[in-house]
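Q: Protein chains in written order, with the numbering used here: chain A, 1 to 300; chain B, 301 to 1148; chain C, 1149 to 1425.
The set of hints was computed from the structure by calculation and includes no laboratory data. It should be emphasised that the depicted structure is a prediction, and the values quoted were computed from it without experimental measurement. We put the beta carbon where it would ideally sit given N, CA and C, even for glycine. Accuracy of the hints is not assured; some may be wrong.
Stated by the list, open to error - Derived lysine to aspartate or glutamate pairs resembling EDC-like cross-links, with alpha carbons at most 20 Å apart:
1. B:Lys-1083 <-> C:Glu-1220
2. C:Lys-1186 <-> B:Glu-1064
3. C:Lys-1290 <-> A:Asp-69
Stated by the list, open to error - Reference listing, derived: stretches of chain B covered by chain C, where coverage requires no fewer than 3 residues with Cβ under 8 Å from a Cβ of chain C:
4. 310-317
5. 1034-1046
6. 1070-1084
7. 1101-1115
Letter by letter, the chains look like this.
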Amino acid sequence: MMNFETHVPHWEWYYIAMYFYIGGVSAGAYSVAALAELFGGQKQREVARIGFTIAFWVVLATPVLLIADLGRPERFWHLFIYSKDGVPYINWQSPLSVGSWALLVFGGFSLVSYLDVLVSEGRLKSEPLAKILKLIPRKVYAIVGAAVGFFVAGYTGVILNITARPLWAASDPILGSLFIASGASTGAAAIALVMVRRHIASGAAFERLQYFDRVAMIFELGLIVLMIIVAGRYAAPLLFTGYGFLFWVGTVLLGILAPLQLHRSGRIPGVTVADPVMVSAVLVLAGGALLRICLVQAGQ
Amino acid sequence: MIMGSNMAECHPVAFRWPLKAKTDHGAVLMHVDPRFTRTSALCDIHAAIRAGTDIVFLGAIINHVINSKRWNTVPFFKEYVVNYTNAATLVNPDFKDTEDLNGVFSGLSEDGKAYSNASWSYQRNPAPASAIVEARTFTDLLLQKVPGRPKTDPSLKDPHTVFQIIRKHYKRYTPEMVEKVCGCSKEMFLKVANTLLDNSGKDRTSNITYAVGWTQHTVGVQIIRAAGMLQALLGNIGRPGGGVLALRGHATIQGSTDIATLYHSLPGYLNMPDARKAHESLKDFILTEAVPLSTSYWGNYPKFAVSYFKAQFGDAATKENNYGYDYHPKITGDHSHMPMFVDMSAGKIKGFLIMGQNPAVGGQNARFQRKALAKLDWMVVRDYYETETAAFWRNSPEIKSGELKTADIKTEVFFLPAAAVAEMEGSFTNTQRLLQQHEKAVDPPDEARSDIWFTYHLGKRLKKLYANSTKDRDWAVKNLFWDYEPRPSEIQNFRIKDEPSAYKVLKEINGYTWEDKKPLPSFANLKEDGTTVCGAWIYTGVIPEEGKNFAARRKADEWISPEWGFAWPANRHIMYNRASADLQGKPWSEKKKLVYWDPDAESKDPTGKTVRGKWVAPSGESVDFAATKPPTARGKDNGIGFDWLSGNDPFIMRADGKAWLFAPAGLVDGPLPTHYEPYESPVANLLYKQQSNPVVKVWKVEGNAYHKVADPEYPIVISTYRLTEHHLSGVMSRWLPWLAELMPELFCELSPELAAEKNIKNAEYMTIKTARGEVQARALVTKRMRPFVINGKTVHEIGMPWHWGWQGRAQGDVVNNLSALVGDPNVSIHEGKVFTCNVRAGKRGGAA
Amino acid sequence: MAKGMFVDTSICTGCKACQVACKEWNELPGEPAHFKKKSGVAYPVAVNFTGNSYDNTGALSATDWRHVRFIEQFNESRTEERWFFASDSCKHCTDAGCMNACPTKAIVRTDMGNVVIQDDVCIGCKYCIPSCPYGVISLSEKTGTVHKCTLCNDRIHNGLGTACAKACPTGSISFGEVSELKAKANARLDQLKKLGFTKANIYGYDEAGGLNVFYLFLDSPTVYGQPEKVVVPQKRLPLSSVATIVTAVAIGLAALISFRERGMKKEVEKKANAKSK
Ligand SMILES: Nc1nc2c(c(=O)[nH]1)N[C@H]1C(S)=C(S)[C@@H](COP(=O)(O)OP(=O)(O)OC[C@H]3O[C@@H](n4cnc5c(=O)[nH]c(N)nc54)[C@H](O)[C@@H]3O)O[C@H]1N2
Ligand SMILES: Nc1nc2c(c(=O)[nH]1)N[C@H]1C(S)=C(S)[C@@H](COP(=O)(O)OP(=O)(O)OC[C@H]3O[C@@H](n4cnc5c(=O)[nH]c(N)nc54)[C@H](O)[C@@H]3O)O[C@H]1N2
Ligand code: SF4
Ligand code: SF4
Ligand code: SF4
Ligand code: SF4
Ligand code: SF4
Ligand SMILES: [Mo]
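All chains should be modelled from the sequences, with the hints used to inform the complete structure.
A: Here is the structure:
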């Protein structure tokens, strides 16, 4: 039996898949925050603040995971500067190259937004900083930041699509979209979770957030179906292997359908759920993680 | 036709030429082999035959050819065969063929163990009156004993002609018989036979190439004879693109045969003095060995022999002491490899000096041979790595099984590091008899030394040791001519200063005048009076003058490349090339033009007077014939050598100048190739009552049990062979990770049919068993192996490469634990290519 | 003036000299995965028997830059017997997926058209590995970087041919000017077609913008383990990006609907009421 399969990169799930995941959560949270900021105005300030805060702390972890998987971690800076001539380098054909830069920019945005949160909440008292932050109206970097955020959430999917591995190549061009949707839903869920812990998970603002989360999840569901259709026979590893099981039960059933159900009626037939809001948020987050793990691993 | 060789795998570099013939000249390549190999994959035709049935296949081609329309209507064949072969020669009426004696020839002794070849002789005219009254020289001796010319019937009608005998002998070798015995379909057989026939003639020639797929049989020599006969009948010998090509094995194994590592021959294919023959004195030696050959170029035997003895003993070799012949060692029996180990295991051999061999793996019935090593007092191994042979006393299978205990082994083993080829100067002689010089690139590391260094300094020490001995038996050592001190130029660039001179060795082999030490340009210059020395007459001319080494020449051209190296004899690349021209000396055809007679060319004859006409070869090929003997010249009835030979006798090393279809002498197992089953065979001989070679060499000793014919316990045929990825016993390949990983483990090739029958799974372990031993191997189940239908019943054949041992980076059982000590009667080669066995799934000792 | 290699599989004997020559010249060790310690033996011994014809090295790797494939094809009755050998390596694609994917410019093309990995630049992100449509590149645990055939970069820039071509006893691999090699390949193809090898074809003229290392096959490329149609991954990048952006916008709109004052009202109130009941 002959194999003309391309080689597998042997990316470790606990590095790369997780990096894809938390990158998505962070970017998702940021984008939701920024959009809430943008469209929701004052009413959504709370959601936005929490979103920016989450985005900042989570994004800090991403480079750690990315670098940890490198064969030569100490050379991570080659991603930005061509080591032979010291000039900054970007390879527009390489989602990984562009994505790395995007992550850098996104890091900057989430820092600024976070500082803004601190200042406006008066947790950080610094006149000069406040002045600087005043210079650019929130709305502006909310827009740009949201865009960059979506990019960060999506490029990891594109990374997978733009390869010659059967599953990843066959699912092109869906993964980018799928990861954005997932990023958005997990981002929203993360915010919701914090709100629940802070006991402010109620009222119009929260409902809007939940509503958005549902839309995102439905999006995600649609994209998954679409992915299976375009991938055709190459989707096999997602249907029949152990990852397939994780995918359908973990991501789809528990990570999407169950939360949707909980959102609708606050309960799942047959099981009693103490705190449906919190549980659904946790499920969404877990589902998002499994989504990345399954797609990265099943493709290898 | 490649038959009895896996050329692509075992001669990968040489194989480029058949491929070139195919891609550039549209040649048809055929492979006749039990297995479908990497050679078969590149050939146009692959015919699978059961191992050990080649003579049936070839005999049937002979039968097919001589009865074919083409052969009987195209005049070329008759002209060539009647004049250049002994087809027309009349054989002694007492001769009885296998047809008359149910599978044996006349002359078989009572006990059926040996032949007397008296009745195989030619009918001859009365011996001529000799010109010599009293013999002053050895040559005179020969001139006094010139036999009468053989009688012939050019019409080939006489029932005693070789041709009629052959016709009768091969009558039963039919395509149907091939199908029944070889398991090869009639159609496939005819395809092969006709391809050969159609591609032979004036304008086309066919070549047959073989190697040890033919030799390693109890009828090995006769298989090759059959090919020779076929080629002679097809007019394919002495002509470009024709011939029977032996692919030699080890690098320069050809050289080691020429310079006689063989126990029974002296360098240059002179015979070894033998205590069992009439060899008391040099005179007896020459009478016995040279008289029967005197009417061929061997008429110069005395010159070759005396020059050899003179080379051995130098000044001490005088006419009085027969040039040292009286002190030269004589053999007392069969001292070839297998009987040597039989003697060793009987404790008859005390010491063993082993350079360039690894019998613990390569030797037949290797368990027997390893155990024999334990009977020695001492053993010296010179090699690159600790070979299985060198390590037998500490970790051989026999030690592991407890059969041998290290503590009880008295053999003292010395391991000496050997130099590798790039670390020494010397020459290789390859398959085409081409000598090629290789320089020394670097010194060997540390204590490692070349074999020539070891041998030379050992010799010097022995001479010192015996310097004061007065015993006759020590004379030879004391007087051995032993001066190979290096010339300054040979050592100045190297650390090792006492490396002997390879040049001096080659110069002595080439020959020179004893008086002024001038190299001889040709063996025609050799004398029988002790004024010339020559280590091996066939190499004379490689150093035509002082300081000039033709083996180092590197001028290539598009064809013969006469100035690339040096092809013995006398730089003749195609032997007997007089046969490339017709009776009148004209080329058979423009296309196949090589050597021809130019009637107008001026030249000097041996006596120096100018004559008209000579043999020429525009390609630069040297003529394998008397340069100025006209094609129409009649030989001198009472002469010897070229005087006796006629202008149409191309085969100048044969006593009648003809290619021998029928061998009146020289073979101990019959004048004509005859099918006998391998000594161990699952089937009875379907051609004759006689099952196997009647005079086969067997050793019925403990630890060497044989299987019965059609032994129900051992119904499967096994053949052993090589892979490109490894070299022989593996010492030169299994230690190299790069090669080890290409073929990591011993495996056994078998057909899906047999695998299913025995429930053996691909890549899993299986066990192969014979009365000699048991080995485990990974199964390689492949359709490249096929079951044969022999006389209606299925016979399975498995195949095993035998490169593995328990040392090195690729390890596996020793396949030769399975094989037996059994030999061809002519040359005592073993039958590693075919014996019987049984197989089962799982590891040795039953584990899964 | 690109240099490359033409691999005429119809005269390959599967001798693997090319594989060994490659390792010798490039000082590549035996593949670590092929050797294991064996009890009672001081050094590791080879354990990589596969049972897949005569192929025990299996695939290209960081230490095997060349790999000879063995394809046995026999019909039931053995009336059709074929054993193909095909020596494989990096194809030095004109449009090289590996190079397109590399974020650090570790993979570059030299003036002779060959694609080489700069070991001192590579960070071992492994993205080039799945980006090569031919499964050529692999990571070395030892160096933490990826490796592949360089077309003997050092040799060809010093007037020598490639080591594998040099070692090939049958001339199955020939090195040279791509244009000249193509002429040679076409001639051989014609010859084979005339001899009745109707399925004979040349692989690599069109694939990946043209392969500087291309092949003559006697049957379809898939028989020899080469993909029939290769798409260089980055060719799909534009569509993939657009699709992603569209989604991003769509999600943005979703957010707009969700968070904007009006429109959400009813929904929210319904919920609020539902709760208060
Ligand atoms: N790579 C490599 N090359 C080598 C060597 C090596 O070890 N490795 N060894 C060298 C040496 S020393 C030698 S002698 C030569 C040997 O060169 P070869 O004789 O070509 O090699 P083998 O593989 O021993 O046998 C050749 C073929 O004989 C077939 N065969 C077996 N029995 C029969 C039979 O009864 N009839 C016919 N027609 N075929 C039969 C086998 O299937 C096998 O394919 O190779 C030399 N070259
Ligand atoms: N069953 C079976 N048995 C066979 C065969 C078969 O086909 N089937 N083939 C037979 C044939 S044809 C042959 S030729 C034999 C070969 O059998 P062997 O000759 O015993 O096997 P080799 O591995 O060639 O052993 C040669 C040794 O010489 C060493 N060597 C190489 N060069 C030098 C040197 O310059 N000096 C010194 N001192 N040592 C050197 C090598 O390292 C190696 O250890 O095997 C025979 N045995
Ligand atoms: S090993 Fe030497 S002799 Fe044998 S094929 Fe290779 S080059 Fe020729
Ligand atoms: S074959 Fe693969 S590794 Fe080689 S150049 Fe093309 S894409 Fe790169
Ligand atoms: S592994 Fe090295 S060569 Fe490959 S893409 Fe990453 S940096 Fe470039
Ligand atoms: S070109 Fe050089 S590096 Fe590439 S496979 Fe051949 S020998 Fe190896
Ligand atoms: S060296 Fe040449 S003949 Fe041998 S396997 Fe490689 S390509 Fe084929
Ligand atoms: Mo041999």
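Q: Now, for every hint given, state plainly whether the structure supports it.
A: Going through the hints against the structure:
no.	hint	in the structure
1	B:Lys-1083 <-> C:Glu-1220	8 Å, holds
2	C:Lys-1186 <-> B:Glu-1064	19 Å, holds
3	C:Lys-1290 <-> A:Asp-69	15 Å, holds
4	310-317	holds (count 4)
5	1034-1046	holds (count 9)
6	1070-1084	holds (count 7)
7	1101-1115	holds (count 4)
Comparing the model with each numbered hint stated earlier shows that all of them hold.
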